[in-house]
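Visitor: Chains A and B are the protein sequences, given in the same order.
Here the first sequence stands for residues 1 to 149, where the numbers follow my numbering.
Here the second sequence stands for residues 1 to 95, where the numbers follow my numbering.
Rather than coming from a laboratory, the hints here were simulated on the basis of the structure.
Hints are not guaranteed to be accurate.
[To be verified] Chain A side only, calculated, beta carbon under 8 Å to chain B, not exhaustive: (1) VAL39; (2) GLY108; (3) ALA115; (4) TRP129.
Every residue gets a Cβ at the ideal spot worked out from N, C-alpha and C, and that includes glycine.
Now for the letters of each chain:
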Amino acid sequence: MAVLTTALVRTLDPVVLVSEGGGAPTVGPLRGAVVALLVVVGAFFLVVGTVGLVRLPTVYNRMHATSKATTLGASSILLAATAYFGPRGAGLVSLVGIVFLFVTAPTGAHMISRAAQRMGVDFEPGVTWPGGEGVDDPTAGEDADADAD
Amino acid sequence: MASSPSFLDPVLLGALVLSAGITLVAAYRVIVGPTTPDRVVGLDVIGTNVVAIAALYSMRAAHGLFADVALVLAIIGFISTITVARYVTEGDIIE
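Throw the hints in and build the complete structure from the sequences for me.
Guide: Below, the structure written as structure tokens:
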């Protein structure tokens, strides 16, 4: 009787149906191959990002390497999770995670780079702001505004 | 019961070990620095790697709950990055 009731609830309640998507799925050989390919690509991009973080010379260069490559790597692995779990439940959560990473990683890198520039961390020698000789530090005006606050 | 092709588990295990090793390598940048933004970038990379590790573990354990763990870790990593960047520039987090 209890089994029958749970079966009835599972067919009727959409919340339970969605949470069922997070259970252990049956993965065929083709889906398994797609998951393995996405995982390998993601791990490769994570390696690239971390090598860039360790090897590149200044904060700005390191940020350039990590904010793109690491986002791609984590997104690829999350996409593999979506392929593994299917379009409901945990797979949907992984898709939301991809969107979230693509929105937040550039924002965070931009905030850190602005903070580094405010702190006076130098560029690589020979690198200047774009626009030639007449253009100075574009954040100088912002600094004045911040002081006015 | 879950069934998956036999080649999937070694791939997932290898990717897990690789990501864990890479996270340790990223800790080098957090320890050595030399500036505070360097450390923040290193912590950001560690956060993103841990998101990937949680997603990998959710597949290896066939447990969808760990996908939620990955999402929450991504949110917390973003908030901490923004907080440190704001603390460095403004000298204050909440005015």
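Visitor: Does ALA115(A) hold up as a contact with chain B if the rule is Cβ-Cβ below 8 Å?
Guide: holds, 4 Å
Visitor: Let's test the interface hint: is any C-beta of chain B closer than 8 Å to that of VAL39(A)?
Guide: holds, 5 Å
Visitor: Does the closest beta carbon of chain B sit nearer than 8 Å to the beta carbon of GLY108(A)?
Guide: Hint on GLY108(A): holds, closest Cβ of chain B at ~4 Å, below 8 Å.
Visitor: Against chain B, run the beta carbon of TRP129(A) and see if the smallest gap drops under 8 Å.
Guide: violated, 18 Å
Checked against the numbered hints above, the structure violates only hint 4.
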